[in-house]
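Trainee: Throw the hints in and build the complete structure from the sequences for me.
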Amino acid sequence: MTQRVDWWVSLLQAFVVINIVMGGFAYLTLAERKVMGRMQLRYGPNRVGPYGLLQPIADLVKLLHKESFRPAAAIDWLYLLGPFLAAFTALATFSVIPFGPGWEIAGVYVPGQVADLDIALILIFAIGSIGAYGFIVGGWASDSKYALLGAMRTCAQLVSYEVALALSVLGVVIMAGSLSLTEIVAAQADSTWYVLPQIVGFLVFLLAGTAETSRAPFDLPEAEQELVAGYHTEYGGMRFGLYSMAEYINLITLSGLCVTLFLGGWHGIGFTPDWLAPAWFVAKVAVLLYVFIWMRTTLPRLRYDQLMRFGWKVLLPVATLNAVVTAILVVAL
Amino acid sequence: MTSILPSAAIYEGTRIPSRVPTILDVDPAKHDPEDILRVNFGPNHPSTHGVLRLVVDLDGEQVAGIRAVIGYLHTGFEKTMEHKSWWKSITYPARIDYLSFHSNELEYVLAIEKLLGIEVPRRAIWARMALAELNRIHSHLVWLGTSALEIGAISLFWYAFDDRDAILDLFELAGGTRFHTRYVQVGGLAEDLPPGFTEEARRFCEQMPRSVDEYEALLDRQTIWLERTKGIGLLSAADAIALGQSGPILRASGVNWDLRKNMPYLFYDQVEFDVPVYYNGDVYDRYKVHMDEMRQSVRIVRQCLDRLDETEGEPWIADDRKVVLPPRHELHTSMESLIHHFKIVTEGYTVPEGEVYVVIESPRGEAGCYLVSDGGPRPWRVKFRPPSFAALQATATAVQGCLVADLVAVAASLDPVMGDVDR
Numbered sequence: 003m004t005q006r007v008d009w010w011v012s013l014l015q016a017f018v019v020i021n022i023v024m025g026g027f028a029y030l031t032l033a034e035r036k037v038m039g040r041m042q043l044r045y046g047p048n049r050v051g052p053y054g055l056l057q058p059i060a061d062l063v064k065l066l067h068k069e070s071f072r073p074a075a076a077i078d079w080l081y082l083l084g085p086f087l088a089a090f091t092a093l094a095t096f097s098v099i100p101f102g103p104g105w106e107i108a109g110v111y112v113p114g115q116v117a118d119l120d121i122a123l124i125l126i127f128a129i130g131s132i133g134a135y136g137f138i139v140g141g142w143a144s145d146s147k148y149a150l151l152g153a154m155r156t157c158a159q160l161v162s163y164e165v166a167l168a169l170s171v172l173g174v175v176i177m178a179g180s181l182s183l184t185e186i187v188a189a190q191a192d193s194t195w196y197v198l199p200q201i202v203g204f205l206v207f208l209l210a211g212t213a214e215t216s217r218a219p220f221d222l223p224e225a226e227q228e229l230v231a232g233y234h235t236e237y238g239g240m241r242f243g244l245y246s247m248a249e250y251i252n253l254i255t256l257s258g259l260c261v262t263l264f265l266g267g268w269h270g271i272g273f274t275p276d277w278l279a280p281a282w283f284v285a286k287v288a289v290l291l292y293v294f295i296w297m298r299t300t301l302p303r304l305r306y307d308q309l310m311r312f313g314w315k316v317l318l319p320v321a322t323l324n325a326v327v328t329a330i331l332v333v334a335l
Numbered sequence: 521m522t523s524i525l526p527s528a529a530i531y532e533g534t535r536i537p538s539r540v541p542t543i544l545d546v547d548p549a550k551h552d553p554e555d556i557l558r559v560n561f562g563p564n565h566p567s568t569h570g571v572l573r574l575v576v577d578l579d580g581e582q583v584a585g586i587r588a589v590i591g592y593l594h595t596g597f598e599k600t601m602e603h604k605s606w607w608k609s610i611t612y613p614a615r616i617d618y619l620s621f622h623s624n625e626l627e628y629v630l631a632i633e634k635l636l637g638i639e640v641p642r643r644a645i646w647a648r649m650a651l652a653e654l655n656r657i658h659s660h661l662v663w664l665g666t667s668a669l670e671i672g673a674i675s676l677f678w679y680a681f682d683d684r685d686a687i688l689d690l691f692e693l694a695g696g697t698r699f700h701t702r703y704v705q706v707g708g709l710a711e712d713l714p715p716g717f718t719e720e721a722r723r724f725c726e727q728m729p730r731s732v733d734e735y736e737a738l739l740d741r742q743t744i745w746l747e748r749t750k751g752i753g754l755l756s757a758a759d760a761i762a763l764g765q766s767g768p769i770l771r772a773s774g775v776n777w778d779l780r781k782n783m784p785y786l787f788y789d790q791v792e793f794d795v796p797v798y799y800n801g802d803v804y805d806r807y808k809v810h811m812d813e814m815r816q817s818v819r820i821v822r823q824c825l826d827r828l829d830e831t832e833g834e835p836w837i838a839d840d841r842k843v844v845l846p847p848r849h850e851l852h853t854s855m856e857s858l859i860h861h862f863k864i865v866t867e868g869y870t871v872p873e874g875e876v877y878v879v880i881e882s883p884r885g886e887a888g889c890y891l892v893s894d895g896g897p898r899p900w901r902v903k904f905r906p907p908s909f910a911a912l913q914a915t916a917t918a919v920q921g922c923l924v925a926d927l928v929a930v931a932a933s934l935d936p937v938m939g940d941v942d943r
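Protein chains in written order, with the working numbering: chain A, 3 to 335; chain Z, 521 to 943.
Keep in mind the hints are simulated off the structure, nothing from the lab. Honestly, I wouldn't trust all of these hints.
Computed list of lysine-lysine pairs in DSS-like fashion (alpha-carbon distance at most 30 Å, straight line) [stated by the list, open to error]:
#, chain 1, residue 1, chain 2, residue 2
1, A, K315, Z, K550
2, Z, K750, A, K147
3, A, K147, A, K64
4, Z, K750, Z, K781
5, Z, K903, Z, K599
6, Z, K781, Z, K903
7, Z, K634, Z, K863
8, A, K36, A, K68
9, Z, K604, Z, K842
10, A, K315, Z, K750
11, Z, K608, Z, K863
12, Z, K550, A, K147
Here are the in silico distance ranges between beta carbons for each label pair [stated by the list, open to error]:
#, chain 1, residue 1, chain 2, residue 2, range
13, A, L331, Z, Q727, 36 to 42 Å
14, Z, E867, A, N48, 40 to 46 Å
15, Z, S538, A, T322, 27 to 33 Å
16, Z, N564, A, S70, 20 to 26 Å
17, A, T322, Z, E734, 52 to 58 Å
18, A, L56, Z, P548, 56 to 62 Å
19, Z, D685, A, L56, 27 to 33 Å
20, A, K147, Z, D733, 22 to 28 Å
21, Z, T697, A, Y53, 32 to 38 Å
22, Z, S538, A, Y53, 54 to 60 Å
23, Z, D685, A, K147, 22 to 28 Å
24, A, G272, Z, F699, 52 to 58 Å
Quick caveat: nothing in here was measured; it's all calculated off a predicted structure. Using N, Cα and C, we set each Cβ at its ideal position, and we do this for glycine too.
Mentor: Laid out in structure tokens, this is it:
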């Protein structure tokens with residue numbers, strides 16, 4: 003497990019993984035629009051390329067070509083720091099998520115993740131917390147009332163739901179006896195996928211994660227009917243693109259984390275050769291992403307006070323109870 | 521006349537905040553003026569219905585003060601109509617309230633007919649009624665889709681607009697235009713209903729109640745929807761009456777008042793239908809009233825279609841050559857018809873001197889039309905009583921104690937059409 007990895011392999015792998023994740027983000031936007039379209043009796047984008055497959059590229063070109071204006075009253079360096087911080091942290095977190103068992107290719111060992119850390123889970127939460135600054139700083143620095151309100155909402159929401167999110171995975175950590183994601187995956191392969199014994203934790207994780215990534219029905223920070231576009235109201239062009247990217251990549255990372263913690267990671271059912279592991283991982287992530295899109299088309303939005311009540315009075319106690327019960331059972335059995 | 525006395529009280533006394541009911545000032549006893557953030561909602565904002573501008577004082581997420589500003593869509597329709605002949609001015613009312621186009625047109629034509637004292641054939645009246653109810657469903661569907669959108673249920677918008685499209689297809693079948701039909705004509709209709717209209721309309725009447733059930737299944741069993749709409753935007757019966765509310769808003773506040781029942785016009789006294797009344801005066805009850813009204817409208821349309829089938833082949837416009845265009849084929853054979861045609865199209869017909877006020881139950885409530893004629897070929901004064909304008913008077917009363925998110929939900933539930941408000 004702790005095989006030596008050459009530095010250039012890590013570098014190359016990081017480069018490849020980042021690009022795959024960014025490509026995943028681009029096509030997630032297309033998939034979301036397509037799926038939503040089909041659910042809403044329409045087609046979704048189908049003009050650019052066959053079946054609209056080049057739509058994300060067209061969007062990217064459009065965003066890059068837009069004028070990078072900013073409000074005169076905005077605080078320059080913070081205004082620029084916001085989207086950068088958000089995108090950077092979003093991309094960084096994916097590095098610790100394992101997507102395969104590791105392979106021996108032409109005598110060189112390639113690990114199943116970019117970085118295998120003993121405290122991977124804590125790292126993800128830590129970097130995620132820094133990422134929240136990207137949204138808050140950007141919203142505050144752009145000196146707009148809508149953006150300020152959006153940033154305040156983001157702040158309150160992320161802080162509240164981060165607690166429930168962290169507590170919901172405690173059960174998994176106790177069962178696996180490790181904070182390392184590779185070991186959690188290995189522990190699931192030995193026993194069973196944790197979604198079964200940890201079904202409560204799984205549900206809390208999914209709900210808190212939806213809120214954490216500001217997806218419907220918890221998309222208050224950017225509720226367009228109320229706050230125009232929330233914290234990124236004053237952002238245009240590729241700066242807006244970075245925020246959008248950060249959000250979607252956070253969603254992908256969250257789905258990846260959910261798969262790793264609860265759904266057996268890259269392990270498959272039935273036909274599972276080592277080289278197919280990433281495909282299993284991607285398939286499971288895709289199913290979760292579909293659920294997120296499905297929720298967005300179906301559910302109305304919660305109100306601010308209802309969101310807070312749900313986070314503190316429902317999710318937090320349930321997650322705590324789940325962790326306590328798991329701890330007692332693990333010790334007793 | 522049934523009693524219009526309120527049956528249930530939501531709150532004691534009145535909540536109307538000030539002598540100007542659209543203004544709610546920040547109460548310094550409850551909110552520190554230092555904490556107030558003044559935000560503009562509109563006239564250019566993704567949530568507003570049209571160009572309504574709400575200047576909102578926020579204390580955190582709470583709405584502490586509000587004032588509604590209107591006038592961004594003022595186009596001077598009423599004044600323009602005074603410069604058009606009676607004949608030409610019929611196109612304007614449909615553009616005032618663009619969602620209840622048929623009802624507005626109907627109300628204006630009914631006012632002219634009242635001044636003229638002209639007899640309208642029954643087939644035309646049944647057709648007008650059928651279309652008026654279809655128009656009501658159309659307007660309610662747009663309302664449903666956009667209000668659900670405000671609360672974040674985005675998909676419902678497309679589902680509602682799908683059914684709305686079927687209604688527009690029916691209007692296209694009848695008059696050749698989907699919107700702003702100008703199908704109603706002084707004395708009757710512009711054309712007879714085409715063959716096959718009743719079958720198409722019946723097909724729609726089969727589909728529509730099923731759709732309403734689906735919408736209710738999507739929303740009524742949805743905890744988030746219930747949480748977001750129940751107990752929000754309260755308006756008591758007494759306050760609703762004091763603020764001049766009408767239509768679905770009034771009926772959601774527990775007042776049983778529907779002009780179709782209380783002051784019947786057209787043939788509304790000859791059809792069977794119920795008036796849905798709910799008593800809580802919140803956003804949810806307004807939603808329920810709209811849903812039930814769609815069902816009732818389908819019921820009325822069905823009865824109208826039966827009568828239309830019975831009156832197949834009967835005249836669809838009055839036989840009054842001074843007002844109504846002669847049939848096309850007569851122009852080639854009759855000198856008199858040619859003269860009438862020329863006079864009506866160029867100068868227009870004249871309407872006897874007098875003034876008249878006609879009021880009907882439009883999808884949004886009491887829509888009135890006040891007309892003054894000086895006996896010439898043009899109206900001397902036209903004035904509409906728009907239900908949306910009255911609805912906006914309730915904003916400040918209804919949003920008290922709301923959060924920002926409720927603000928858009930409440931404003932949407934009042935169903936203002938800005939064209940109707942500003943005219």
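Trainee: Could you run down the list of hints and mark each one as holding or not?
Mentor: Taking the hints in turn, this is what the structure says about them:
no.	hint	verdict
1	K315(A) to K550(Z)	holds, 27 Å
2	K750(Z) to K147(A)	holds, 29 Å
3	K147(A) to K64(A)	holds, 27 Å
4	K750(Z) to K781(Z)	holds, 28 Å
5	K903(Z) to K599(Z)	holds, 9 Å
6	K781(Z) to K903(Z)	holds, 24 Å
7	K634(Z) to K863(Z)	holds, 22 Å
8	K36(A) to K68(A)	holds, 25 Å
9	K604(Z) to K842(Z)	holds, 18 Å
10	K315(A) to K750(Z)	holds, 21 Å
11	K608(Z) to K863(Z)	holds, 13 Å
12	K550(Z) to K147(A)	holds, 22 Å
13	L331(A) to Q727(Z): 36 to 42 Å	violated, 54 Å
14	E867(Z) to N48(A): 40 to 46 Å	violated, 54 Å
15	S538(Z) to T322(A): 27 to 33 Å	violated, 48 Å
16	N564(Z) to S70(A): 20 to 26 Å	holds, 23 Å
17	T322(A) to E734(Z): 52 to 58 Å	violated, 40 Å
18	L56(A) to P548(Z): 56 to 62 Å	holds, 58 Å
19	D685(Z) to L56(A): 27 to 33 Å	holds, 30 Å
20	K147(A) to D733(Z): 22 to 28 Å	violated, 42 Å
21	T697(Z) to Y53(A): 32 to 38 Å	holds, 35 Å
22	S538(Z) to Y53(A): 54 to 60 Å	holds, 57 Å
23	D685(Z) to K147(A): 22 to 28 Å	violated, 38 Å
24	G272(A) to F699(Z): 52 to 58 Å	holds, 57 Å
The structure fails to meet hints 13, 14, 15, 17, 20 and 23 from the earlier list, while all remaining hints are met.
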